[in-house]
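A.B. asks: Assembly of the complex is requested from the two constituent chains, each provided in isolation within its own frame, with the hints serving as guidance.
Line by line, the protein sequences give chains X and P.
Going by our numbering, the first residue of the first sequence is number 1, and it counts up by one from there.
Going by our numbering, the first residue of the second sequence is number 1001, and it counts up by one from there.
Heads up, a few of these hints could be off.
[To be verified] Some but not every residue of chain P turned toward chain X, in silico, with C-beta under 7 Å:
| no. | residue |
| --- | --- |
| 1 | Tyr1111 |
| 2 | Glu1143 |
| 3 | Ala1220 |
| 4 | Ile1221 |
| 5 | Leu1268 |
[What the hints assert, rightly or not] Here are the computed distance ranges between Cβ atoms for each label pair:
| no. | chain 1 | residue 1 | chain 2 | residue 2 | range |
| --- | --- | --- | --- | --- | --- |
| 6 | P | Asp1149 | X | Gly393 | 30 to 40 Å |
| 7 | X | Pro133 | P | Thr1267 | 27 to 37 Å |
| 8 | P | Asp1149 | X | Asp61 | 22 to 32 Å |
| 9 | X | Gln99 | P | Tyr1132 | 56 to 66 Å |
| 10 | P | Asp1149 | X | Asp371 | 46 to 56 Å |
| 11 | P | Pro1088 | X | Phe372 | 51 to 61 Å |
| 12 | P | Arg1133 | X | Ala111 | 20 to 30 Å |
Hint data in this document are derived by calculation from the structure and do not stem from the laboratory.
Cβ atoms here follow ideal geometry from the backbone N, Cα and C, with glycine treated the same way.
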Amino acid sequence: MCRNDGDQGCGPDPGQPPDDDRTFAALLEDSVEDLYENAPCGYLSTLLDGQIAKVNTTLLDWLGYKRAELVGRRKFSDLLTTGGRLYHETHFAPLLRMQGKISGIALELRAADGSRMPVLVTSTVKSGSDGQPLLIRTTVFDARDRRAYEQELLRARQEAERERERLQQLATTLQRTLLPPAVGNVPGLDVAAYYHIASTDEVGGDFYDLFPLAAGTWGLFLGDVCGKGTEAAAVTSLARYTLRAAAVYDPDPAAVLSNLNTVLNHEYNGTDPRFCTVIFGLLTPDGDQGGFRIVLASGGHPPALLLRADGTADYLPTPGGQLIGVVPDADIATITFRLDPGDTLLLHTDGLTEAHTAVRGERYGDEALLDFVRALAPTTAQGTITAVRDLLGTLGTGVDDDTALLAVHVPRADGEEQQRARGTPARGAPPPAPSSR
Amino acid sequence: MDVRSRNQVRVSGQPGGAVVMLAHGFGCDQNLWRLVVPTLEREFTVVLFDHVGAGRSDLSAWSEDRYSGMDGYVDDVLEICRELDLGPVTFVGHSVSAMMGVLAAARHPEYFAGLVLLAPSPCFIDDPAAGYRGGFSAEDIEELLQSLDANYLGWSGAMAPVIMGNPERPELGQELTNSFCATDPEIARVFARVTFLSDNRADLAQVAVPTLVAQCSSDAIAPPEVGAFVQAQIKGSRLVTLNATGHCPQLSAPEETAQAIAAFARTLR
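Next comes chain P alone, as it looks inside the complex (with noise of 0.2 Å):
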């Protein structure tokens, strides 16, 4: 299996620099951070990666069994590590990511320098009993689902070989509506359902490396409170409270995002 390929790994920026691997959420690809890779390449390694299912991900390596759960992504995280071997790197997952990054350093702290969580929740669903809000119902989820079939958004069954399998001629698929969010809906749903249906509440106190928790002022899908909750459970983390607003801060506010990043990243040297 070559993950490079599978995960459509990119390292670019200065070599041997101090290394930053951004992993996206749900909806898009790794071009939801092209705003804010010029500012990180000038100082560090940047590794930016598709997850499997995602953007020029390879889709045969995808499978129900291996991606139902957090795991088989946070294994790919792992693997991505090993595979580059660039010694440990700071991570910066966005939303569902930053529980994959918890998770993978949870499980091999020695691969993480730090972790940036970007607009984290470690739950989406309401736990009254525990006196947690995460914002939405179960229903509320099976509303999404509906609006995914509603808008496949420029994928059809009839594209994606063009899309996937081009890696050669990257600008075939660039040239598509919508491609950065085009997935197989199959594969949407579940990966929705990993995403807004998983509870990692009880993981974020299995983190032992340096964190950075950065909410938006203002995220429909990830309030404040819920940014509070993953500081304060994760000992030794730091919050900041980004300006920007809406829950991709990278694309609303890049050169605040990517400053929080990096100033995070010299701390860890």
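In isolation and in its complexed conformation, chain X is listed as follows (with noise of 0.2 Å):
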């Protein structure tokens, strides 16, 4: 501020008349004394051992205490609420000590009417010239407003806190809707199936189920709707009563892929495509041997693995089948093959592949895959399952996406199934050739 008053080659302005005088007429009132008793702030100087040795008319009148009551008397802790006392002594105090001062710190005063007061307190020690500290003087601030916000802001994250947990809830229920409660007892067959859930927030895509079908004749299917969340879970709703009513209608795993396909375009047309992958299969059982005969169709969706009484284990390719619900007719690969006494198939969806290793940037992939089921097999449904699922905790958070395992087994006879006699002659049947429709 340039004031007129002097030969500091700091003269007045020509275009502003010097009523300055008028201006500062007003600090004149402000004594050094009236500012300290009347500041927006409490003042308080305590001794050492923090006996109160002077305090400011502001803190007086905001605690209701008379000068005389706490002067001499009270220590600064006797103002503080008990357990504001215990944080005083084993945090406020020794900080101070130590470093000279200490700021900002929330605490809660008790006026003379027994009501509390949320203040910011800020200290530092006065030291004498010999070096020596001698007092403590302290501010203390009005924080009655910040603390109602910050308890705004409390009770907010803890709302928040709640709804999360409800979405979650809500996320977890629906996705179990989706989903079969339990897959069909199919006679002569050992059925397993695992949902991962990579997140708790958002319901997943994929889907599967097992069901009858006309004489003697079994469904399933195992897919992935496209992206996350409620808008894939109503095409996941549609593609799951769709497949069952096209199954019932044609059996034939191609015809209900394209009835799939032909529903999604119907529905979806136009602005917002919806698609998925979706493997289908018809289980007829075969001989007398025990067995089934299966036609798997496949729209985009990742190989079936075959796990083979022998100990090997290859994927059943099906390539060519075309995602379901992009073109009005969508290509869909066939393969037909038997399934024997001690083999097992196995669906997945790709959150499995796709997951990340611990090698960065790294996916699990296809060929990791294979290796991991040639070390299993010959196995049984539940154990397919069981060593994917603990595969799946080993990845852990690397598994971004959701992953629907489902496995079938056509137990061996009676007490064969614990042997997994790796060492029986393998009957080397290659995968049978695919057949593309």
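C.D. replies: Right, here's the structure in full:
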């Protein structure tokens, strides 16, 4: 500020009348004493043991005390709540001694009438000319509004946490309704399934089912809707009941997927295309030895894995199958094979093979999965699911998408199941050649 | 488990001298002793350490399971004694650590030449049925927890690795305001409960090593009658009342506190 009071080369502004006297007249009333007593914050000076030596009018007014009630009679910590006093003795006072100052500590003061006043406290140690600490100076700021605001924040955070819990519960419940409560009990077939939820906040788009069709045949499917959340859940729901109804109408797997393709095209044509990958299988009991003839149709889905009784394992390639729901006449790839006693068929979604491994940037991949199941075979449906579930556990947070697993296995004759002998002569059957429609 | 780095153990002073081991209480860390250490170092081997969860102890060693009661801390004290193998020590326990000394000496008296219980309280909560006045109620402790929540004192998840991860560069931590008392809020809550909700009155009678009870003339946390209670329960113990005020005589009257510790430790040779 430039005062018009001297020869500092700072003359009066030609455009401004010299009315500084009037401007600063008000300040003359603002004596140091008055500034201390009626400052917009509380002032407090205490001896080193906390004994109150001096206190300003502002603080006395806030707390409803008379000066004589505090000075020489009470300690600063006497003004605190009991919990605050514990905090003062264990944190505030030691830090103040060690650092010579402490600032912005949230405490509550007790007023004469017993009410509490939230404050922010800052203290400094004033030393004498010999460097020895003499007294403690403390400023006290009214934090009532601030504390109310902080409590509002805290309340909002707690509410958000409750809402998040509710959302997770809702997502989990919705997820469960999209999966069968239990996969069907098929005579002569051992079945196991698992659904790995990557995020409890969102409903994933994977689905599967196994259900009876006419004359001892069974249908099974496993699929993955593109996307997540409620939109994906709606498509999942539509896909599930369409697949089941279509299979009753015409159980040929390629026809089932074609019908699903048509339904999705009709439902989501134009602006908001929705699509999925699905593998659909028709299981027919085959022969007296046990075992099933299986026709699998795939619409852009990762190939199924066959874990044979002889300990070998391979993908069942279904190349050329297109995503379901994208184009009006999607190509569907089918493959026909036998599931003999001791064999296990594993269907999976790509949450598993797309999982990030500990190696930076690398995905788990199809090759690794094939090696994994080769080491596993021969095994049972539950054995397969348990092993792959453990694998997902090992991959941990690397699995960032939901993963559905469905395994079916034809048990061998009684007692043979336990042997799981690797040395049994290989039947040497290569995977059957795929056909395309 | 490297006990020395887990508890940030520091040994200084006279090699071969009688050993004085200083244990800090709830709130801050071993820095609380820094004003008494120079006096003690002239005559004794001085052992300083941080309780796990405090100061620059190894936070990864902390688990709620181990440290939600006194026993985990007592185990640590005994492990430090074993690890250093310096012979019987004069254990100086401030506040809650005084009771850790009591429990440790009851279990392994052979590790201890004597105990100095500085501003001790075996039980902070009033027990009207037994005519015992600790000075606080359970609600007061809840209020303390609220104060802890309202003041994270320089603690932030982002800074913790800087403080904890650079033991070879302690100046990084020193520069942080309030770092002496910076504690992970989760750990502070658990330690506050251990400190203020434990009741070790019955353990006092188990102490069979020479004991000095040193209380302050005016202490809002451990009032004089509590010091008198402790002295009455420990057979053969002595009570001194320091002129020091407050709960931390090692800060408010370091010379007087150091002299009281030194005088007692000398009688144990």
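A.B. asks: State for each hint whether it applies.
C.D. replies: Status of each hint after checking the structure:
no.: 1; hint: Tyr1111; in the structure: violated (27 Å)
no.: 2; hint: Glu1143; in the structure: holds (2 Å)
no.: 3; hint: Ala1220; in the structure: holds (5 Å)
no.: 4; hint: Ile1221; in the structure: holds (5 Å)
no.: 5; hint: Leu1268; in the structure: violated (28 Å)
no.: 6; hint: Asp1149(P) with Gly393(X): 30 to 40 Å; in the structure: holds (35 Å)
no.: 7; hint: Pro133(X) with Thr1267(P): 27 to 37 Å; in the structure: holds (32 Å)
no.: 8; hint: Asp1149(P) with Asp61(X): 22 to 32 Å; in the structure: holds (29 Å)
no.: 9; hint: Gln99(X) with Tyr1132(P): 56 to 66 Å; in the structure: violated (36 Å)
no.: 10; hint: Asp1149(P) with Asp371(X): 46 to 56 Å; in the structure: holds (52 Å)
no.: 11; hint: Pro1088(P) with Phe372(X): 51 to 61 Å; in the structure: holds (59 Å)
no.: 12; hint: Arg1133(P) with Ala111(X): 20 to 30 Å; in the structure: holds (26 Å)
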